[in-house]
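**Student:** Sequence:
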Amino acid sequence: MARPSLPLLLLALGLAAAAKSPYQQVLQHSRLRGRQHGPNVCAVQKLIGTNRKYFTNCKQWYQRKICGKSTVISYECCPGYEKVPGEKGCPAALPLSNIYETLGVVGSATTQLYSDRSNLRPEIEGPGSFTIFAPSNEAWASLSAETLDSLVSNVNIELLNALRYHMVDKRVLTDDLKHGTTLSSMYQNLPIQIHHYPNGIVTVNCARLLKADHHATNGVVHVIDKVIATTTNTIQQIIETEDSLETLRTAVAASDLSSLLESEGQYTLLAPTNEAFEKIPRETLNRILGDPEALRDLLNHHILKSAMCAEAIIAGLTMETLEGATLDVGCSGEELTLNGKPIIANKDVLATNGVVHFVNELLIPDSAKTVFELAQESEVSKSTDLFRQAGLSSHLTGSERVTLLAPVNDVFKDGLPVIDSNMRNLLLNHIVKDQLSSKYLYHGQKLQTLGDKELRVFVYRNNLCIENACIAAHDKRGRFGTLFSVDKMLTPPTGSVMDVLKADHRFSTLVAAIQSAGLTENLNRPGTFTVFAPTNEAFQAMPQGELNKLLGNAKELANILKFHVADEILVSGAVTALVRLKSMQGDKLEVSMKNNVIHINKEPVAESDIMATNGVIYAVNSVLQPQASRPQERGDEPADPALEIFKQASALSKVSQRNPRLAPVYSRILARMKENSGGF
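In terms of mature numbering (1 follows the signal peptide of the UniProt record, and there is no 0), the sequence shown is residues -18 to -1, 1 to 662.
Honestly, the hints are just simulated from the structure, not real lab data. Hints are not guaranteed to be accurate.
Unchecked claim - Label pairs and their in silico Cβ distance ranges: (1) 324 to 13: 33 to 41 Å; (2) 225 to 443: 51 to 59 Å; (3) 33 to 225: 29 to 37 Å.
The C-beta atom is built at its ideal place from N, Cα and C for all residues, glycine as well.
Assemble the whole structure, with the sequences as input and the hints as a guide.
**Tutor:** What follows is the structure in structure tokens.
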């Protein structure tokens, strides 16, 4: 018979390793960490101040914490082995005997004692194939005196029934304990619920498996940390019988969720108590209870898609609810936490179709909240004050489908602006008609606001912006509206690029130059321009001779001006590193961010994001020069096109005439114009 090739052998070994259960994987890691202390030694993490021990996985090994509490590492014999005097490690396998004898060896002497007292001993000493989930000595000791007395005083019938509920009439090893399965117990075939979690924790009716797979001649022994009890109620039946869940009972009935909570499955219900409902403002609670969709979302947000026993949670994890959102489930010492808060009042109430944890705070999902509530609970709470002061709360608390563009609190670090008619109109333009989702927005999309303005959407590699404001956080989608947190106050456009330049006295010389160069029509038409607009100060800063030559040559002037314009819109929020734009002149413009200031060709920008209907304007205090530009020889006096430039500039702004740098040139131009045309 041919031997298998080495690659096939390695593949087979790899598949075998991959098939190991999470418990066996954690146990193997504990063996690896303990091997320096001898054969069959496992590293165990012990929670300081308690007797709770855990086999360690790789993450826990380095963190040295369980439920946020510190642990110490100890080294013990792995399950099924024992020490030999004078030898290193745990070289000897435990003696193989019947289940009754094995109970005394593995730390469940109390179970052994009660097996004797209840007359179970003959059965677990005799022939057969059984599995017993044996409560540890500490588990029995933790029972109340009343419970223990009820078990042992009734002619031992109750005790026998209880022990037989811990047994299965076949051999079941940890690899057979599959997540979400049930085993038929030896007491009236009542089910035992098994959960085998990815972190290696195995629970039996929410009791944690402490020591597993102890073989016996007639079966196997698993030691667990609790005495388990039978359960016959569904989650719905628990709701119906618990007085502290009366309000939840009413809500479930109104939402038609009863059938789900009665059905087969494995759910976790985070059951809000009457106290939890009472903590919610009456107006909010009435709104949700009166809205079937919001109520259904609220209740589904309290239902996890799988059964999660408290003992399985040894660190934080994120779990999805039936509503579709996620909850951060964790622990702090003995307490379970939800979203970081220790609000679980009673845990591990077992049902036939899952587990119930009672919570004393209501978990309201975003999908059941108004936009105003979403904003109040996030980093835009100052914006809510602003909208409230402006009398716009009704748009954010009712059933109107809207999207709120809310500036983050940092925008108002110097205080909230004063509310007047202009500010109110601006705030109306922060409320978009329709409930949107940012992931479905596209470049060039137009949005209509309640202030009757049209806003544009710009999609960049690293950002999503609406006009000059870029989205700073993930959407929060409420019942009727969506919250977009944005990084600045929105400035809706008021006109074309030329309209905006003409309305700003800082650009009077530029406007005249654009008109003289014949570019007015270009910057008035619909388009997507980014204009780096030199201010009057920029022109004044140029050397006198260079300024004369530039303004005296219409062709060169047009070339320079085109170098200041790119045919795509780039708002400042899209600049995180270096962005290169092709100018209308043909050369590249380099836009960068340094110390939170936009730079164009390494020159700082004086003002960013002056929005226009066909573009965006950046004010710059220097005239940009193309790299390939070369000065040309010209006469001393400006050519005729310069006369027209200054004629237009003077009509736009008297500042140019009074400026000492521009006045001599302006005087010569006027004299030349009088010679040629006899005045204006």
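**Student:** All hints, please: hold or fail.
**Tutor:** Consistency of the hints with the structure:
no.	hint	verdict
1	324 to 13: 33 to 41 Å	35 Å, holds
2	225 to 443: 51 to 59 Å	58 Å, holds
3	33 to 225: 29 to 37 Å	35 Å, holds
Of the numbered hints given earlier, the model fails none.
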